[in-house]
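**Student:** With chain W fixed as given, assemble chain S onto it according to the hints.
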Amino acid sequence: MRVGMPHMGNLYIPFKALFQRLNIDFVIPPVSNQHTLSLGVKYSTEGLCIPFKLTLGNLIEAAELGADTLLMVGGYGICRLGYYAKTQEQILRDLDYNFEIIKLSLSGRKLFGLLKLMRRLSNNASWFKIISALRFGIVKQFAIDKIERVVQKVRAVEQIKGTANRLYAKAIEAIDNADDYNTLKKVQRDYIDQLNHVAKDTQAKPPIVGIIGEFYVVLEPFANQNIESELGKLGVEVRRRTFISTWTKFSFFFNSLGLDEKSKIHKAALPYLKRDVGGDGWESVGEKVLHAKEYDGLVHLAPFTCMPEIVAQNIMPSTKENIPVLPILCDEQMNRTGMLTRLEAFVDLLKSRRRACNNNQHRGS
Amino acid sequence: MEAYLGIDVGSVTTKLAVVGKDGELITHVYLLTQGKPIQMVQQGLKQIEQQLPKQVNICGVATTGSARYLAGIIVGADLVKNEITSQAVATLHHIPEVQTIIEIGGQDSKIIIIRDGIVIDFGMNTVCAAGTGSFLDHQAQRLNMSIEDFAQRALDSKTPARIAGRCTVFAESDMIHKQQMGHRTEDILYGLCQALVRNYLNNVGLGKDIRPPVVFQGGVAFNQAIVKALREELNTEVIVPPHHELMGAIGAALLAQEETVISNNGSKFKGFEVSEEQYHISSFECKACPSLCEIAQISLDGHVLARWGGRCDLWERSPSN
Numbered sequence: 001m002r003v004g005m006p007h008m009g010n011l012y013i014p015f016k017a018l019f020q021r022l023n024i025d026f027v028i029p030p031v032s033n034q035h036t037l038s039l040g041v042k043y044s045t046e047g048l049c050i051p052f053k054l055t056l057g058n059l060i061e062a063a064e065l066g067a068d069t070l071l072m073v074g075g076y077g078i079c080r081l082g083y084y085a086k087t088q089e090q091i092l093r094d095l096d097y098n099f100e101i102i103k104l105s106l107s108g109r110k111l112f113g114l115l116k117l118m119r120r121l122s123n124n125a126s127w128f129k130i131i132s133a134l135r136f137g138i139v140k141q142f143a144i145d146k147i148e149r150v151v152q153k154v155r156a157v158e159q160i161k162g163t164a165n166r167l168y169a170k171a172i173e174a175i176d177n178a179d180d181y182n183t184l185k186k187v188q189r190d191y192i193d194q195l196n197h198v199a200k201d202t203q204a205k206p207p208i209v210g211i212i213g214e215f216y217v218v219l220e221p222f223a224n225q226n227i228e229s230e231l232g233k234l235g236v237e238v239r240r241r242t243f244i245s246t247w248t249k250f251s252f253f254f255n256s257l258g259l260d261e262k263s264k265i266h267k268a269a270l271p272y273l274k275r276d277v278g279g280d281g282w283e284s285v286g287e288k289v290l291h292a293k294e295y296d297g298l299v300h301l302a303p304f305t306c307m308p309e310i311v312a313q314n315i316m317p318s319t320k321e322n323i324p325v326l327p328i329l330c331d332e333q334m335n336r337t338g339m340l341t342r343l344e345a346f347v348d349l350l351k352s353r354r355r356a357c358n359n360n361q362h363r364g365s
Numbered sequence: 001m002e003a004y005l006g007i008d009v010g011s012v013t014t015k016l017a018v019v020g021k022d023g024e025l026i027t028h029v030y031l032l033t034q035g036k037p038i039q040m041v042q043q044g045l046k047q048i049e050q051q052l053p054k055q056v057n058i059c060g061v062a063t064t065g066s067a068r069y070l071a072g073i074i075v076g077a078d079l080v081k082n083e084i085t086s087q088a089v090a091t092l093h094h095i096p097e098v099q100t101i102i103e104i105g106g107q108d109s110k111i112i113i114i115r116d117g118i119v120i121d122f123g124m125n126t127v128c129a130a131g132t133g134s135f136l137d138h139q140a141q142r143l144n145m146s147i148e149d150f151a152q153r154a155l156d157s158k159t160p161a162r163i164a165g166r167c168t169v170f171a172e173s174d175m176i177h178k179q180q181m182g183h184r185t186e187d188i189l190y191g192l193c194q195a196l197v198r199n200y201l202n203n204v205g206l207g208k209d210i211r212p213p214v215v216f217q218g219g220v221a222f223n224q225a226i227v228k229a230l231r232e233e234l235n236t237e238v239i240v241p242p243h244h245e246l247m248g249a250i251g252a253a254l255l256a257q258e259e260t261v262i263s264n265n266g267s268k269f270k271g272f273e274v275s276e277e278q279y280h281i282s283s284f285e286c287k288a289c290p291s292l293c294e295i296a297q298i299s300l301d302g303h304v305l306a307r308w309g310g311r312c313d314l315w316e317r318s319p320s321n
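As given, the protein sequences belong to chains W and S, one line each in that order. Sequential numbering from 1 applies to the first sequence in this note's numbering. Sequential numbering from 1 applies to the second sequence in this note's numbering.
It is worth saying that the hints were derived from the structure and are not from the lab. One or more hints might be untrue.
Quick list of simulated restraints, FRET-style, between CB atoms [stated by the list, open to error]:
#1 W:Thr87 <-> S:Val169: 26 to 36 Å
#2 S:Asp149 <-> W:Asp94: 52 to 62 Å
#3 W:Asn322 <-> S:Asn235: 21 to 31 Å
#4 W:Leu257 <-> S:Arg115: 41 to 51 Å
#5 S:Glu97 <-> W:Pro317: 20 to 30 Å
#6 S:Asn235 <-> W:Asp94: 50 to 60 Å
#7 S:Lys21 <-> W:Arg275: 52 to 62 Å
#8 W:Arg275 <-> S:Asp149: 48 to 58 Å
#9 S:Arg162 <-> W:Thr305: 22 to 32 Å
Given the structure is predicted, the values throughout are model-derived calculations rather than measurements. Where is the CB? At the ideal position from N, CA and C, for every residue including glycine.
Bound conformation, chain W alone:
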């Protein structure tokens, strides 16, 4: 038995740690790239979204590398995603791959589902071993996300553009290679230290842009054309709520204690949208309302044909909380030049708004 699974940003790193510690045979397909996308597009219906196409491409590439046990998320109450594993299974069967597909439920008891699955894949390893392997994987994810939060700040103000990205890539590799908690701790400390010491423009007051929208395209740089890095090049500090570590913390632990990080966001959205519309649509509206005062602007990422985000996109212009929003649709036809032109114009807009705002304050005082 050899396990394979689709990519989503850095998610392969904690899973790799988990598989290694449980002696599960696994393959990691190449990170999502043009070839993955071409495979996904070739075997999908046109109207499906880019998360479907890319994850299908990943599964095909994993199967090509000999994976015969494929993991894919599923569940009810999310969006069409709930049915993707089933559809992809059918497509892969039609392509004559021999495999078993295992659906990891995103509804119901997520932690318990994952633990049970690991027990099955590891051929009944002890619960102690499974829990400690999972803990190590989660700690790795927390380290990655902690570093990434620093990278988002450094990119905007670094004197030599690209320094933070290079350090980030090295950090990811070091975290991936770390075998124990001590090394992991040291790697995390070292890289945060190095990032803090990057030569920066200390005078700069970078505009702050929040990234909101659909979970997968926010977290998968290939799907969003590396938008955070591009914004960093334009001197923008990026912030986002969506991190795998945050999701894990709440879905695995805090939610069962009755704590939900989203309740504040949903409450903020209430005057404009009173219920879940699937996916992350409700949260997108809520985040616009919440961040209108803190941030300079928002970039709203959505897969093309994503119903929940289209609902959100159409509600956003009518909120009384006012903040510039740049909607960007991600799909295989996305034109990079067009996206960069929009980003540049958007950043110009944010800067001139800030200037006008400052002038008004001066006049007022």
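**Tutor:** Same frame as chain W, now just chain S:
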């Protein structure tokens, strides 16, 4: 006399404009890009050099439009600016009270919303070229008339035909259908103009707060029939400024002035001699990762000036290194 040069290399046309210290237009060039941006920038520079009065001195250059980076490398631009900002700057300079800018060019169309002299929102056509200049050109050709005659004929229409304008493919088959039904050509043409205006407002203008004064610019603003249809649909006055087709280039020139005055370092302009240089363009597939990006490079005398087209920074080189 101090002057500033703005170069706007669009998908269909290349525009160069020289403005004086107070933003007045000194001279300009309007060329078809014909898929050869480098040659057209060079040719444009040559023409500008000939047209430029003797005592004028170029003190700053900026480029804009979809080939802005390429053009910027060739001329040694002080600033490379996106076309949305450039257009807004030029329009605000000429019509400070503007609240809405509608721009329809060769392959793209945009809307810029301005309040109190600041851009507060903008939109660009996303997936389709419906309603842009190229499509109008194509339809005029199909009817065997020049684009100028197209507008004149359309204005003669008394009972415009209803044309489906959501998609150019459907619009074309609907036009053929109306022809075969026996509708008059001018009614079909004006019907098409109305359909394109509706399409623009429903797509690019969706959810935007369009308030007067509305300024209409870009190559398509030459077409009086579209102007009329826009006026009727918006039910407000639509201003078409003089030199509306040059707004991107004029805006770039104004920004070049701002940039060189602020930095106070003198201009990086390489001079009109660059119109004689032989640039070499090539491309290759990067094999560093499975993404296989197509990297384009431009070189002069075997020396690489710039590379671009990658998803990461591996090949990116600014002209200064």
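**Student:** All hints are to be evaluated individually against the structure, with a verdict given for each.
**Tutor:** The hints, checked one at a time:
no.	hint	result
1	W:Thr87 <-> S:Val169: 26 to 36 Å	holds (29 Å)
2	S:Asp149 <-> W:Asp94: 52 to 62 Å	holds (54 Å)
3	W:Asn322 <-> S:Asn235: 21 to 31 Å	holds (26 Å)
4	W:Leu257 <-> S:Arg115: 41 to 51 Å	holds (47 Å)
5	S:Glu97 <-> W:Pro317: 20 to 30 Å	holds (24 Å)
6	S:Asn235 <-> W:Asp94: 50 to 60 Å	holds (55 Å)
7	S:Lys21 <-> W:Arg275: 52 to 62 Å	holds (59 Å)
8	W:Arg275 <-> S:Asp149: 48 to 58 Å	holds (56 Å)
9	S:Arg162 <-> W:Thr305: 22 to 32 Å	holds (29 Å)
Violated hints for the displayed structure: none, as all numbered hints are satisfied.
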